[in-house]
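Protein chains in written order, with numbering that gives the first Met the number 0: chain A, 0 to 230; chain B, 0 to 230; chain C, 0 to 230; chain D, 0 to 230; chain E, 0 to 230; chain F, 0 to 230.
Check each hint, because a few of them may be wrong.
Chain copies aren't distinguished; within one or between two, either way the pair holds.
[To be verified] With a Cα cut of at most 25 Å, we get these calculated SDA-like pairs of lysine to any residue:
#, residue 1, residue 2
1, LYS200, LEU215
2, LYS1, PRO149
3, LYS75, GLU14
4, LYS225, GLY137
5, LYS225, GLY47
6, LYS1, PRO174
7, LYS225, VAL189
8, LYS183, ARG49
9, LYS1, HIS156
10, LYS183, SER46
11, LYS1, VAL34
12, LYS140, VAL3
13, LYS225, VAL158
14, LYS195, TYR209
15, LYS1, LYS200
16, LYS200, PRO76
17, LYS1, ARG175
18, LYS195, PRO12
19, LYS140, TYR209
20, LYS225, TYR40
21, LYS1, GLU141
22, LYS1, ALA190
23, LYS1, VAL158
24, LYS75, ASP120
25, LYS75, ASP17
The set of hints was computed from the structure by calculation and includes no laboratory data.
Protein chains: 6
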Amino acid sequence: MKTVAVRNFERAPLEIIDALGELGVATVHEAQGRVGLLQSYMRPIYSGARIAGSAATVIAHPGDNWMMHVVAELIKPGDIVVVGLSAPNTDGMFGDLLATSFMAQGARGLVIDAGVRDVLDLTEMNFPVWSKAISAKGTVKETVGAVNVPVVVAGAHVVPGDIVVADDDGVVVVPRESAQTVLKAAEARVANEEAKRAQLKSGALGLDIYIMRPRLADEGLVYVDKLDELS
Amino acid sequence: MKTVAVRNFERAPLEIIDALGELGVATVHEAQGRVGLLQSYMRPIYSGARIAGSAATVIAHPGDNWMMHVVAELIKPGDIVVVGLSAPNTDGMFGDLLATSFMAQGARGLVIDAGVRDVLDLTEMNFPVWSKAISAKGTVKETVGAVNVPVVVAGAHVVPGDIVVADDDGVVVVPRESAQTVLKAAEARVANEEAKRAQLKSGALGLDIYIMRPRLADEGLVYVDKLDELS
Amino acid sequence: MKTVAVRNFERAPLEIIDALGELGVATVHEAQGRVGLLQSYMRPIYSGARIAGSAATVIAHPGDNWMMHVVAELIKPGDIVVVGLSAPNTDGMFGDLLATSFMAQGARGLVIDAGVRDVLDLTEMNFPVWSKAISAKGTVKETVGAVNVPVVVAGAHVVPGDIVVADDDGVVVVPRESAQTVLKAAEARVANEEAKRAQLKSGALGLDIYIMRPRLADEGLVYVDKLDELS
Amino acid sequence: MKTVAVRNFERAPLEIIDALGELGVATVHEAQGRVGLLQSYMRPIYSGARIAGSAATVIAHPGDNWMMHVVAELIKPGDIVVVGLSAPNTDGMFGDLLATSFMAQGARGLVIDAGVRDVLDLTEMNFPVWSKAISAKGTVKETVGAVNVPVVVAGAHVVPGDIVVADDDGVVVVPRESAQTVLKAAEARVANEEAKRAQLKSGALGLDIYIMRPRLADEGLVYVDKLDELS
Amino acid sequence: MKTVAVRNFERAPLEIIDALGELGVATVHEAQGRVGLLQSYMRPIYSGARIAGSAATVIAHPGDNWMMHVVAELIKPGDIVVVGLSAPNTDGMFGDLLATSFMAQGARGLVIDAGVRDVLDLTEMNFPVWSKAISAKGTVKETVGAVNVPVVVAGAHVVPGDIVVADDDGVVVVPRESAQTVLKAAEARVANEEAKRAQLKSGALGLDIYIMRPRLADEGLVYVDKLDELS
Amino acid sequence: MKTVAVRNFERAPLEIIDALGELGVATVHEAQGRVGLLQSYMRPIYSGARIAGSAATVIAHPGDNWMMHVVAELIKPGDIVVVGLSAPNTDGMFGDLLATSFMAQGARGLVIDAGVRDVLDLTEMNFPVWSKAISAKGTVKETVGAVNVPVVVAGAHVVPGDIVVADDDGVVVVPRESAQTVLKAAEARVANEEAKRAQLKSGALGLDIYIMRPRLADEGLVYVDKLDELS
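All chains, full assembly: derive it from the sequences and hints.
Set out below in structure tokens:
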């Protein structure tokens, strides 16, 4: 690994980022063709947060959070820090002191493929974190990693400046270049869903709304009245 | 697998179902002899819900939620939809649109051996779900499964019409034929526990209430005053 | 295993225990040199509790909670019951009746490397539990284990009388003999952190506060302006 | 649970069982419509075994192998003992003594949703076992379960007399009533595969043999010459 | 996801690939700075294989192996097929028929972040596979993915044409552009290790060979003669 | 943690150690009352090895194998090195160079609650290792741990000088003080098993040999002839 810290990278316009954030993870993920989702073991430390931001990235080593101080200086307001590990680890690499620093620099949250601690303080500070574990296990500052380079986090590839959207359903990454396109697709999707929701609420069935009956029959679904007709 | 949807199955009387629901999972599970429990990885998406209902069942394939629309039509008020997978999967097979439809048809909740999404919406809608994972990963509608046939869910065998009880402790299944018997055993158990609770609260010991001391001695438990008497 | 119950063991003074409890798990763990932490799969059944107490210990067998009744008699006010298993198990070995008894005897909480049930009741009773699982699966009372002997719990070795501190970040164990020393180190740490927190909040960087820049350069961290300067 | 041991159940003809065994797990599983597979954590203790037999079933409790002695008496030559647990457990519930007994009664192997021990001896005895774990942890004989009743094992529902097929790919269960039908489908499948294998070996492509190209185009697969044509 | 199949990508010279293969995973991984390793759950289906090749990549959906037929046509002799999934899955997406086809096209092996089946046949065919699971669960051919685009596999980012090295220690990926540099570093490392091995074999200590004693003292390691000197 | 290396500790006589080794893990574990077993995720890197030795212990940090060089100097012929981690980790902390050194110092094997690499070389060298994972991920030498102090490894507490027995069934630890007693109990057990094995082989049933029938009836086991008698 190149042990490097990159000072600058391009970010998407904040109005696009914020619009994606309002739409939420499930919608954005569908709108970009069901890719870019981090694995489902990434969970928020408290429920109800929904954020979006530009990814400032970190590659850290197990049990070592030194690079978190390096990235702190390079955060721009509106960023979300995204941390991948060089090997699986659940140590508590982030706590209330670093959160204080990240907030002071304008970070909107943290996504970390490792552990986090001081979760009660972080909840009170209203600083949202998605992590693999909660662990009080502290870390050393001995080995240099990298900051603002491409990184794999929980099975997703994240490039600095990609848009990260995170809520109670998980975390999704949108490549910066596709942000505008994905936003449009997501907004169309939401509009369409509104209409469907009203129909479903009134008792109409998805089978009819989406005209599924003929294809179900084609694919071999058979209806019977009672289970014992089966044998 | 027979790709079939069964329209009808027998259900237990609602008053028995509701009575079981009020007793909760731990009590019902004990009362039927410590069987029928789904594995403990099945967790509620929010805490505090306690429901019971008749199982309407689904067998679905990984990454495919087509059968959820088929079961929607066959739900009767008071049902809980119970979904088993043909292979392990954590995709988000259920979200707020399907929940809107299920609620409109009278479903009381969902038990799914896979993932679920839109959990913030589901919480606001007060639609309880017990699942293996929370994941924004959407699904296709390509492969036909089965509806209202026997299914294995999280290690338990569920037949359509079985009574499902679910709360913060997990999910238990009661065969329809034993519902009345289990209810009686559970009610006796609760009555008995009430008396015990008062005794324990006043400082009496289980050792004495349950007359455990002689059997503990028989089985070889020895009391010593200090650890260093042991060597 | 010696099937024994030890009646007495030395406990640390309550004022030291309480002081450690107020400092919390992450601070205490750091202050004693990053050891003594239980593995991060041990989670509280509800958030917001922070307790400390003297460890009263249990070795139990899978699916058998008989020893919980034996320990109940030996609890002194201020104790936390700490339960290790002779083999991995997630059964619900503890519920509201035992909690009623433990509270009546003065226990402050439970740490158990297995499952727990009646979690809604326990939450209402305000009896905090850290466990490996939540499971309604009940247990038998057939096999004798041991009480108040050294035990391994979630990867940590606990001796009766050790101080247990538990909060939303996890559980840490402090040997009774080191309690005073660890408390002093922890208090010094907190005082130091207060000052740092203020600096970080005002926008100062850890890089400067901790004088990290020269060592980062020594260890090979290179700054570049843009990612494409790397190739 | 009814604490019962059932002496008799119907078995399929041995020639059908043996024919299914020769076809192997993957083929049989496909032939019956991709159902009946135990979860993939069930692994053989040594490689190269391929067996089939009638399921004699056991429900056992965590850490308790008493029922293994009860089933031993009820084994008929050609049976495979199939053991489900009332709660997850990895204790070594079976070793060389029980294997000696099972072999003497004519059992062909063991499928157990828990641990096994003496694996070196079992390998030398050529007694195949598929298990969830290997563990030297022994068990007690304290709690009664059930023998030859329906049981859930590693996510599959097994009825006594069902045909179990097991090899290096895992374990599959065929309902006794469908054995003949599944065998025919499996044999047809194998015949068809032989022809395909020769074609593929000679360099022909599945795309052409299975006439996939038009449907791939319909479903939206686009070919490009170089990755950079994509943007 | 762009549903695309890319026909061509650049490959490294075979002599470099083969040289990396001979050095093995651990050496190559160290030589490129301890990055590029797939997570350790990726295991070979049989031991003793050591291969290297150019990555031909696939993105597949859970339970769907359609893209395996698409990549078969695009394999060049010396390639290793590398398969990432759009969501976690353990289905057996690859068996002896596909292996016959891949071998006929010149593939050296398969690395798949899912399951594989027919492992006894694959072993006899001498076709090495590294996978997340062994499972007889078959798959459908319903949903289009992508071929020869960048993909995340078991936590590593793989670009078509990257060099994959795999042996009993796991799987490592070397970017095509760094292949020559990594090879040189790896060869230097091996030469250095040879000398060290002889010294260690003769009883010399790493403490002296690597001159570790002064730094150990600096970092605070203290030697005592007996454990009880510690208190 | 005290960062200390202890030069000397008492060891059991080699003839006792070797006798325990010949009896194997399952027998020794039973003979000492079913305690002392490491968790079942600890697996040998190759099958067929059975060793016993005195525990020389290490506490290491995630991703850091520095202490392995410190322990090398303190190994006495007949020792098994036992490594615990301060936090969960799967990095490959041990390979063929360290194995060469350990063998030169007289070590009989390694038990490590982390990863190991160069497993093909270690197999050829006939140096047995029980580990949590196989991983090519190398480690740094930055943080001081401890050597020859008590340590928790895979859920077991190991004191330097304890006897470690390891084979295909797992790893068990016998306290040095109980070695003689456990050996006698184990030998008695083996003698007893020999007689039982012959009886079982001839077709006698455990039900009769161990006189289980009356107690089974007492505990409520009921025999029926057919499953349908149950309802």
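How the hints compare with the structure:
1. LYS200 to LEU215: within (23 Å within a copy, 37 Å between copies)
2. LYS1 to PRO149: Intra 11 Å, inter 20 Å, cutoff 25 Å: intra and inter.
3. LYS75 to GLU14: The answer is within: 15 Å in one copy meets 25 Å, while 45 Å across copies does not.
4. LYS225 to GLY137: So LYS225 and GLY137 fail the 25 Å test inside a copy (60 Å) and across (29 Å) alike.
5. LYS225 to GLY47: Cα proximity of LYS225 and GLY47: none, with 44 Å in one copy and 36 Å across.
6. LYS1 to PRO174: Intra 23 Å, inter 13 Å, cutoff 25 Å: intra and inter.
7. LYS225 to VAL189: Neither way: LYS225 and VAL189 sit 39 Å apart in one copy and 34 Å across, limit 25 Å.
8. LYS183 to ARG49: Answer is within; shortest intra-copy Cα gap is 19 Å, inter-copy 40 Å.
9. LYS1 to HIS156: both (17 Å within a copy, 16 Å between copies)
10. LYS183 to SER46: So LYS183 and SER46 fail the 25 Å test inside a copy (27 Å) and across (36 Å) alike.
11. LYS1 to VAL34: between (28 Å within a copy, 10 Å between copies)
12. LYS140 to VAL3: For LYS140 and VAL3, the Cα distance is within 25 Å both inside one copy (16 Å) and across copies (21 Å).
13. LYS225 to VAL158: between (55 Å within a copy, 13 Å between copies)
14. LYS195 to TYR209: Within one copy only: 9 Å inside, 38 Å across.
15. LYS1 to LYS200: This pair counts as neither: shortest intra-copy Cα distance 55 Å, inter-copy 31 Å.
16. LYS200 to PRO76: between (41 Å within a copy, 15 Å between copies)
17. LYS1 to ARG175: both (23 Å within a copy, 16 Å between copies)
18. LYS195 to PRO12: neither (31 Å within a copy, 34 Å between copies)
19. LYS140 to TYR209: Classified as between: cross-chain Cα gap 11 Å, same-chain 56 Å, threshold 25 Å.
20. LYS225 to TYR40: neither (40 Å within a copy, 32 Å between copies)
21. LYS1 to GLU141: The answer is both: 16 Å in one copy and 19 Å across copies each meet 25 Å.
22. LYS1 to ALA190: Cα proximity of LYS1 and ALA190: across copies only (23 Å, versus 45 Å in one copy).
23. LYS1 to VAL158: Classified as both: same-chain Cα gap 15 Å, cross-chain 18 Å, threshold 25 Å.
24. LYS75 to ASP120: This pair counts as within: shortest intra-copy Cα distance 23 Å, inter-copy 31 Å.
25. LYS75 to ASP17: within (15 Å within a copy, 41 Å between copies)
Hint check: violations occur at hints 4, 5, 7, 10, 15, 18 and 20; the rest are consistent with the structure.
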